[in-house]
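2 protein chains.
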Amino acid sequence: MNIKAYIKKVGSRAKEASAKIATATSDQKNIFLVKLAEILINHTDDIIEINKKDVGNAIKKNADDAFIDRLTFNFASIKLMADGLIKVSKLNDLIGQISNKKRMPSGIEVAQMRVPLGVIGMIYESRPNVTIDAAALAIKSGNSIILRGGSESIHTNNYLALLINESLIFANLPEAGVQIIENTDRAAVTEMITLTKFIDVIIPRGGKSLIHKITSEAKIPVIKHLDGNCHIYIDEYADIDQAITITDNAKTQRLGTCNTLESLVVNSKNAASFLPVLKKIFDAKFIEIRGCDRTKECIPGITSATDEDFYEEYLGPIISCKIVDSIEEAIHHINKYSSAHTESIITKNNDSATKFIREIDSSSVMINTSTRFADGFEYGLGAEIGISTDKFHARGPVGLEGLTSLKYIVFGSGQIRT
Amino acid sequence: MNIKAYIKKVGSRAKEASAKIATATSDQKNIFLVKLAEILINHTDDIIEINKKDVGNAIKKNADDAFIDRLTFNFASIKLMADGLIKVSKLNDLIGQISNKKRMPSGIEVAQMRVPLGVIGMIYESRPNVTIDAAALAIKSGNSIILRGGSESIHTNNYLALLINESLIFANLPEAGVQIIENTDRAAVTEMITLTKFIDVIIPRGGKSLIHKITSEAKIPVIKHLDGNCHIYIDEYADIDQAITITDNAKTQRLGTCNTLESLVVNSKNAASFLPVLKKIFDAKFIEIRGCDRTKECIPGITSATDEDFYEEYLGPIISCKIVDSIEEAIHHINKYSSAHTESIITKNNDSATKFIREIDSSSVMINTSTRFADGFEYGLGAEIGISTDKFHARGPVGLEGLTSLKYIVFGSGQIRT
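Taken in sequence, the protein lines are chains Z and R. Per the working numbering, residue 1 is the first one in the first sequence, and the count goes up by one each step. Per the working numbering, residue 1 is the first one in the second sequence, and the count goes up by one each step.
This is chain Z alone, in the form it adopts within the complex:
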């Protein structure tokens, strides 16, 4: 079968299965999740054995350490996945919930019911834990899912597919509810993102070039997780000790995550009290500061920040810095250069905080805390399939609710329109 026909068949099966999963009971969905957790634990040795094949191939191809790290399973990471499944099984089932019920003057009662999106197409790198996490969230939210992981994880994913299928059958759910694309050809991605007839949403996770390719070629709505060029603004009215602690945490707690601080904006009134102290801490941690001309006057010897620096998501030991004279200038700078992921203001002034919250156009806007908190678990969503930098549909960390929609339901007793 050629790729086009193969993907179409997968899509058609997923669509058919989605109707059954949409009306499955909460019990059925939770039985699936708990069974899969049990099976993963019982098959830990086999999973690790098969995973070694993928890891071995990746090493032969000289993949870098971070890549190998994301690809590799061990006892701890399999236990973590199983625990995650149990956690998802304990979350509320949103499907079928009725809200906003009101009686209209015509006599009809109008409400909204939470329903699944239908079929999710997930495209991601060689991180086989995503296979389990995404399958769990899709089924719990009443959707079916088509998973297209990186080709380097194909043996692991194919084996996980068997375990997932076994769990679906155990819960009396259709096997086609979770399907893994067995074809490693890139053309499979192109087919998926244009299969409007059967797929309702595409969720890409991966590098910038993959996301750009998908968003520019997709004919299906995309929930995209783009870069996180996150800012902290040290306001005129900041508590400097707090500013130091939070800036240090936001930049250095983990360097490579999307909610890591990448750019600092400092009010000129605080530059002299803040920047030299921060520089000492960052020097000790080998974090390089690249600054505007005024930053360079304040902490001499640093490199100049170019326009490209201000647009950059470093994901590494570098941070850009800009000195401004007002909160207006700070907001303008951030809205211009930010990727609209997460920004935080450090201030004791209520007006500054309110202005910042209202006027910053990002998916998360914070006061006096670390950008590292932008996360589905820290926000109490109980799960996260990604962090959306779109405004349309889900914005910010996306949990179960982002995988659902609302339909209107109308209760009448014979009313007609006049």
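For the record, the hints were derived by calculation from the structure and aren't laboratory data. Don't take every hint at face value.
When the alpha-carbon atoms are kept at most 27 Å apart in a straight line, the in silico DSSO-like pairs for lysine-lysine are as follows [what the hints assert, rightly or not]:
| # | chain 1 | residue 1 | chain 2 | residue 2 |
| --- | --- | --- | --- | --- |
| 1 | Z | Lys102 | R | Lys87 |
| 2 | Z | Lys355 | R | Lys197 |
| 3 | Z | Lys15 | R | Lys224 |
Derived CB-CB ranges, DEER-like [claimed, not checked]:
| # | chain 1 | residue 1 | chain 2 | residue 2 | range |
| --- | --- | --- | --- | --- | --- |
| 4 | Z | Glu401 | R | Lys20 | 30 to 40 Å |
| 5 | Z | Ile240 | R | Asn100 | 28 to 38 Å |
| 6 | R | Lys8 | Z | Arg186 | 27 to 37 Å |
| 7 | Z | Ser26 | R | Glu328 | 16 to 26 Å |
Where is the CB? At the ideal position from N, CA and C, for every residue including glycine.
Dock chain R against the given chain Z, drawing on the hints supplied.
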């Protein structure tokens, strides 16, 4: 200036204006709406005079009556627009509303704030009342808007643009908050729907071919109003009198609207008591029934319904009819042929009603009432910019809320991530 540069400039101005409109006060937005209502009334004669030019040109080009009707302004229709503006000014301002506030174990407080989408691109036919309605909803919901109406209404739209601008200036809002594309070239549409840098959402209203072109070529999220192939299912447990009244209303109250009934599904147990009565009523109103073989046995002499008939949105005096033996068969038939707009069940049985509501995959699902109620005003939204047949973002009638998004806001007091 070529079209590409022109649309880019319009988009850039709209984006800049959107930041100011997003933070405008409710008073400012309402002053704009009330002022525009006043100006429309004061300029009624001028509007009608200029509109005559467009109408005259359209008549010369042999446009049909329905087209001329939609294009033509008169005293009543201008008064209706002005009244609509006053109504929108009285709706709640959603922007800045904070919801779902909760304190997390880390000590941070997480909430969501309602924010505008940013820049709306509206593409529509020669219905100049949409120019006013869409501008009103966009500004009230804190967005800026770019309006691209049909070329046959260009003189009317350009004059309305002057009146809108005058009202924006009066309310101290940026003029670029509402811009009308003065270029009637079709290429302007192509440029708009790919201007991802400046436009956040495209809302097309018009014929099927326009919507298909836009959804297949757009690089920007689209809220689309596709066809309404609406169904009523006469359940085994229907009240036959109610079924007749509702079916008659849903089909004949207005023939050409998207929530008009286009296809009937009848449980075989009720076919003999229901269909002959309905046929008499429809005969008297010159509504043609096209049916499946079993329908033809029940009411002889009618034309056969083909597969194409079941997919068809007639928007005219024809209805298709299918006889089924069970609610399962009805749901399967509807989910297959429907455009997922609006479907209603007529039943006295609670199990049938619940099953239908849960399993029909459409934007509105109704019990014992007419599909004609699927409408933003009848649902209490206070306004309507279209009816979305998408599942992503807004679904069903779209009012002010559909033109907004939620961003996360986080209140901390120095918390860092550990």
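In rising order, the numbers of the hints this structure does not comply with: The structure breaks none of the hints.
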